[in-house]
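**Student:** Below are the chains, spelled out letter by letter.
Number of protein chains: 2
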Amino acid sequence: MKVLLIIAVLITAPIFGQSTDEEQLRDIYNIALSKSKSYDWLNYLSNQIGGRLSGSVQAQQAVEFTKTQLDSLGLDRVWLQPVMVPKWVRGTPEYAYVETAPGMTNTVPICALGGSVGTPIGGLKANVIEVKGIEGLKELGRERISGKIVFFNEPMDPKFINTFEAYSGSVDQRHSGAMEAAKYGAVGVIVRSMNLRSDDYPHTGSMSYGDLPESERIPAAAISTKGANLLSTTLTLNPQTKLYFRQNCKQMEDVESFNVIGEIKGTTYPDEIMVVGGHLDSWDLGDGAQDDGAGCVQSMDVLRLLKLSGYRPKHTLRVVLFMNEENGLRGGKAYAEEANKNNEKHIFALESDAGGFTPRGFSFECSDAKFEQMQKWSDLFAPYLIHLFIKGHSGADIGPLKNDDIVMAGLLPDSQRYFDYHHAENDIFENVNKRELELGAATMASLVYLFDKYGGTVSNK
Amino acid sequence: MKVLLIIAVLITAPIFGQSTDEEQLRDIYNIALSKSKSYDWLNYLSNQIGGRLSGSVQAQQAVEFTKTQLDSLGLDRVWLQPVMVPKWVRGTPEYAYVETAPGMTNTVPICALGGSVGTPIGGLKANVIEVKGIEGLKELGRERISGKIVFFNEPMDPKFINTFEAYSGSVDQRHSGAMEAAKYGAVGVIVRSMNLRSDDYPHTGSMSYGDLPESERIPAAAISTKGANLLSTTLTLNPQTKLYFRQNCKQMEDVESFNVIGEIKGTTYPDEIMVVGGHLDSWDLGDGAQDDGAGCVQSMDVLRLLKLSGYRPKHTLRVVLFMNEENGLRGGKAYAEEANKNNEKHIFALESDAGGFTPRGFSFECSDAKFEQMQKWSDLFAPYLIHLFIKGHSGADIGPLKNDDIVMAGLLPDSQRYFDYHHAENDIFENVNKRELELGAATMASLVYLFDKYGGTVSNK
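Protein chains in written order, with the working numbering: chain X, 1113 to 1573; chain V, 1113 to 1573.
So that you can see chain X by itself, here it is in the shape it has in the complex:
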């Protein structure tokens, strides 16, 4: 791209005769892009603390760090909300190889799925049977599955534009693969990583045994996409190929942890509460920078950006950093229970949990009337290239707050790169772009501002 390119795109240039709302949004974005704190906070969370698995030392460090940072913002109140969380530990690094004949082996990158049991101490070696998805089990039947390792190899479909749809379409094999395969007598499960790229990173993530008794639970691991391709090709050439894998992860007793909460008291309606949040826990392989360090620091910055812009909300505004989204959702449930117990009225909740990429818009869960009102604000967002106002899933942590009156929203960042990093070793600070992260924070703060100012005026019914 050449030197003297003068793009005549005037949509982002200052316009005179602006409305108050236009000016307020411009202020928010200006502050976010030139005086943001979110990137520094994320640097600390990622590089000084690292992966924050529920119940880990790092998760506790993250609680303390974010509380200290919120304390420094001059909010009206900052506190920790206790919550008991599951504690699952990975143990020593997992190891696996593909064996085509005794002594003919190829190491493949794997990682235990969160919640899985370990293998026997010496590891597990067995023949492998490949299936495309859970529905493939029934077709094969117990005879062909029993005693084998089931290899779930359904790739994410690259043809979806929104990569979360591709994820939704394939993730059941990770979530329920072990539970279902065990019913057919499988001895272990290997799942293709939820990743649209071809690379060497295994991607962990939660799985469930449902109500399977402990004695019937079989170990489950994810294999990198390149490893999955190797295993699949090898099986085609030699169906007698065996796989060996070893992991000594285990589930411990629940431990105490915390949601971290900061609050600005509303000037006019202090008893009506708006929440912005992300989840503070993460998986342990990388640093949880995109999932969901980004959402946490953006949410913290929402309060800071509004303060710096001189805006004081009419309703009470809370940032909530939820604990244990990844393997239990205990923080989200505890927050809603506590709110319920205290008869708190929540009118709005916004979650950022889809990565710190260029924001494209919001996905709303609310009545049609409320949704129509918010769609009318889209012109105000156009200069910031925010164009998606759709109905859909908002966020897992805020989910338990759902009722007939609340407006819930999820930030929708560009989704193309999300699953390159999701739950894997490469979910690190270096893979978050500063400007993209900051634009997300500004976009969230702008919606909070508009909802605070106008959102209460339309009935949800």
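Worth double-checking, as some hints may not be accurate.
With a straight-line Cα cutoff of 30 Å, these simulated DSBU-like cross-link-like pairs (lysine-lysine) come out [unchecked claim]:
id, chain 1, residue 1, chain 2, residue 2
1, V, Lys1271, X, Lys1565
2, X, Lys1514, X, Lys1179
3, X, Lys1149, V, Lys1271
4, V, Lys1338, X, Lys1149
5, X, Lys1147, V, Lys1271
6, V, Lys1244, X, Lys1149
7, X, Lys1179, X, Lys1445
8, V, Lys1149, X, Lys1338
9, V, Lys1419, X, Lys1271
Source of the hints: derived by calculation from the structure; they are not laboratory data.
Starting from the known structure of chain X, fit chain V onto it as the hints suggest.
**Tutor:** Just chain V now, kept in the frame of chain X:
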């Protein structure tokens, strides 16, 4: 982001009862996302060939490689169009240090600007005077500038949402800084890199001495943003700080090179030509993966995607890989001259030269009537999250084709990360995301399809 997220965003799901156009676009995107060639081509251009400065061996290799690839696509005609290009060579690696006192030095990362003269053989050491932009020179005057190295340190403004606007606002110091500073008796010029991040990469780019006689030309180099911050702080502490730099770049005689052209003959209007293109040359520090390897492979893929989707254009469709955009625009000029000489009628030209990031839309140069027609196609693009249909700059290489009748367009990818890599050592294949690249190619092919089918029906007048 959690396991069982089911996003109720149905906008990208298949819809029954689709129109032909909806089906055609869906086909194009499906093929691009599942059977693309663009990423493989870019891998070769970046990792087997590398930076492709006009007149270099690599530029010639790129001509041969892309011609061979186009030959393999079964087009109606593939040819090379000769063009004489400037040949500037960087020479041995540049070197610079900041000296606060004899023996007290700090090395800083610099690179010569494209087109600059070298320093004297032993390098150049002088006091430094910092100015914010070219307008700062007048204020200081000859007395304070003469004999010194002028340090242009105006940063790109982070508050613009479209980073190209920030670039346009600051790039004159790189382009004309040496020419203007020389008039005040400066002995050299150091320019802050056109980069919104704080890092160690100096960013090159073209500059001009205008009609300054050779004897008055002074050497100009870019310094990394972190280097610029160091130099500026040091100057504040000690205004007597000197800078040493050495570079032995030079301008050679023009050499012959080529535009690479491939063509599918139109079935109905073979004499009306549509062009898609990017530029094959790049700077030499990185591999030119984003600028503009991405635009080249996307343009090549447009023809391939249309062929694979079974669509045969009514008008003649050409891919043109232009040579020498970066430091001369000779390829673009030669192509337009030749078209003019042959009385060719060009009705449409689309350039991709803003990186292989997630596409957001198009910027059009054409009559209002044509623009209104094309805006009506935006609904067809909505499922692919393409939302920007604006008037503005299209592309440098296609610029010389401009007349009252042609419709010119530029692909608008997300701009947030572009200047992280632009003209620097880190513009490499690894920094291009496969899906983002492929979505750009599909978006271009879709516009070409729609223009071919409907674009001729509205008068430009």
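**Student:** Each hint: holds or not?
**Tutor:** Evaluated hints:
Taking the CA atoms of V:Lys1271 and X:Lys1565, the gap is near 25 Å; set against the 30 Å cutoff, the hint holds. Under the criterion of a C-alpha separation no larger than 30 Å, the hint pairing X:Lys1514 with X:Lys1179 is consistent with the structure, at around 26 Å. The hinted pair formed by X:Lys1149 and V:Lys1271 meets the criterion: a straight-line CA distance of about 15 Å does not exceed 30 Å. Among the hinted pairs, V:Lys1338 with X:Lys1149 is consistent with the structure: their alpha-carbon atoms are about 19 Å apart, no more than 30 Å.
Straight-line distance between C-alpha atoms of X:Lys1147 and V:Lys1271 comes to about 10 Å, which keeps the hinted pair within the 30 Å bound. A C-alpha spacing of about 26 Å is found between V:Lys1244 and X:Lys1149, which places the hinted pair at or below 30 Å, so the restraint holds. At roughly 20 Å between alpha-carbon atoms, X:Lys1179 and X:Lys1445 fall within 30 Å of each other, so this suggested pair holds. A hinted pair counts as satisfied when its Cα atoms are at most 30 Å apart, and V:Lys1149 with X:Lys1338 qualifies at roughly 19 Å.
Distance check on the hinted pair: V:Lys1419 and X:Lys1271 sit about 19 Å apart at the alpha-carbon level, within 30 Å; holds.
The structure meets every hint from the earlier list without exception.
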